[in-house]
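Please model the entire structure based on the sequences and the hints provided.
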Amino acid sequence: MLSAALTVLRTGPQVLVQDRGRVGYAHLGVPRAGVLDAPAAALANRLVGNPPDAAVLEVLLGALEIRTEAPCWVAVTGARVPLAVAGTAAAHTQAVRLPAGASLALGTPDDGMRSYLAVAGGIDVAPVLGSRSTDTLAGVGPAPVAVGDVLPVGVASGVPAALDTPRPPRSDPVRVLPGPHRDWFDADVRARLAATPWTVGAASDRVGLRLQGEPLPRNDGELPSEGMVLGAIQVPPDGQPVVLLADHGPTGGYPVAGVVHPDDLWQLAQLRPGERVILHRPADRPAAATR
Amino acid sequence: MSGAVRPYGERAALVDVDSAVQAAALADWARAACRAAGVRAEEIVPAARTVLFDGVDVGRLVEVLEGWRRRSATVAGAFVEVPVVFDGPDLAEVAAHWGVAQQQVVARLTSYELVSAFCGFAPGFAYLAGLPEELAVPRLETPRQRVEPGSVALAGEWCGIYPSASPGGWRIVGHTDVTLWDVERDPPALLGPGTRVVLRAC
Chain A
1 MLSAALTVLR TGPQVLVQDR GRVGYAHLGV PRAGVLDAPA AALANRLVGN
51 PPDAAVLEVL LGALEIRTEA PCWVAVTGAR VPLAVAGTAA AHTQAVRLPA
101 GASLALGTPD DGMRSYLAVA GGIDVAPVLG SRSTDTLAGV GPAPVAVGDV
151 LPVGVASGVP AALDTPRPPR SDPVRVLPGP HRDWFDADVR ARLAATPWTV
201 GAASDRVGLR LQGEPLPRND GELPSEGMVL GAIQVPPDGQ PVVLLADHGP
251 TGGYPVAGVV HPDDLWQLAQ LRPGERVILH RPADRPAAAT R
Chain B
1 MSGAVRPYGE RAALVDVDSA VQAAALADWA RAACRAAGVR AEEIVPAART
51 VLFDGVDVGR LVEVLEGWRR RSATVAGAFV EVPVVFDGPD LAEVAAHWGV
101 AQQQVVARLT SYELVSAFCG FAPGFAYLAG LPEELAVPRL ETPRQRVEPG
151 SVALAGEWCG IYPSASPGGW RIVGHTDVTL WDVERDPPAL LGPGTRVVLR
201 AC
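Here the protein sequences line up with chains A and B, keeping their order. With the numbering used here applied, the first sequence closes on residue 291, and no number is skipped along the way. With the numbering used here applied, the second sequence closes on residue 202, and no number is skipped along the way.
Derived from the structure by calculation, the hints contain no laboratory data. Don't be surprised by glycine CBs; every beta carbon is placed ideally from N, CA and C. Hints are supplied without guarantee of correctness; some may be wrong.
Only some residues are given here: those of chain A computed to face chain B with a beta carbon under 10 angstroms [to be verified]: (1) V23; (2) H27; (3) L28; (4) G29; (5) V30; (6) E226; (7) G231; (8) P250; (9) V256.
If you want it as structure tokens, here you go:
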């Protein structure tokens, strides 16, 4: 039997191998990387019967085409793109059987940014420091996927799922939790973040989502370099916040006004430049609840 | 306990310390203490004045940190001697800044035991502490577009060695041929936090 491998025939603006990221090396200066829309990638893996840590392809704005020499199950989730298997339309968010020699083509999404292609067995490039993710900031992990690449596929271990629970549409406000730098901002900084209409800036990428709007007031000065977390809302001197995403540097020098709730980060992965972002300040937990 | 524990989102906390060397010492201690207590922390990241604990149960972390006692600014990490050719393009300017001859710059830089306080900027780029305050030098007015791997450089009170080619604004005093970053090595960084470092002229 032929071992499965995906030959890359065409790519759009960016196609990356990603898994859940490189954990445990931040203190050596290594960004975590990993899928930006984690629920969508997890769903794609479930659909083809993969474990949750299998590597997938993160496809920015579609336009990817691959061919397989051996039959395999695939699933595409995340930003909705038209799919074609050997020229015939196929379903999004569903396990799809690719026959030997067939091509799979992704169109471009009308909404959202990133689609996820999982293949049964997972993308099996060599892991670097325990992960197959490409980190676009420091260049750790595999190179970005390019036309002509032949991506090895692992041995399928599970059974494809007939269907799975779709997630709710993207419409929820993005919750902001308290950050560590209250002395750098007014006491109501999260209320201010929530009251300001923000627009996604064009320079947004996997390192950070740039927010544009009425500048957020902060104290002057420089923060000594310190550890940063995923979802931290950094505020540079110009008051235009940057939400740190998966490829952020492990340390940073701007104060943090708040942290995006981990369960809401996926929404940021799908926002296009020029789109609105509504931040939400959840009610503080009553003191009794935190013991 | 040395400093306050500041919650950072739901599953992280920053701990304040007095210095970068204290941060390296706390991070080193906490890594072992968390393991001994069965408390998982995905990342423990020392920096200039803080240690970040990420992916951790903050309540349990606070219990572990009760056992931390501030200690003198020493660390007990591995010892690494780095052979350096002192031929950097900014050596003369550093000498002028310190008001000494170039040989004196070399003599001073090789006379201190430095310590890797934390890594940042690039994988394996260590901020080496231990130079006295009066030897602080400003960064370049205009950073270089490309600094070669192995460049040994100064900025503020820090010494650093570029593990890979990158733009950079530190003042380059020399270069070394040692490999600072290698993902095939365990650990991949030669100068991880807590490592004691001596520069040797060659």
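Which constraints among the numbered hints does this structure fail? Numbers only, ascending. Those not satisfied: there are none.
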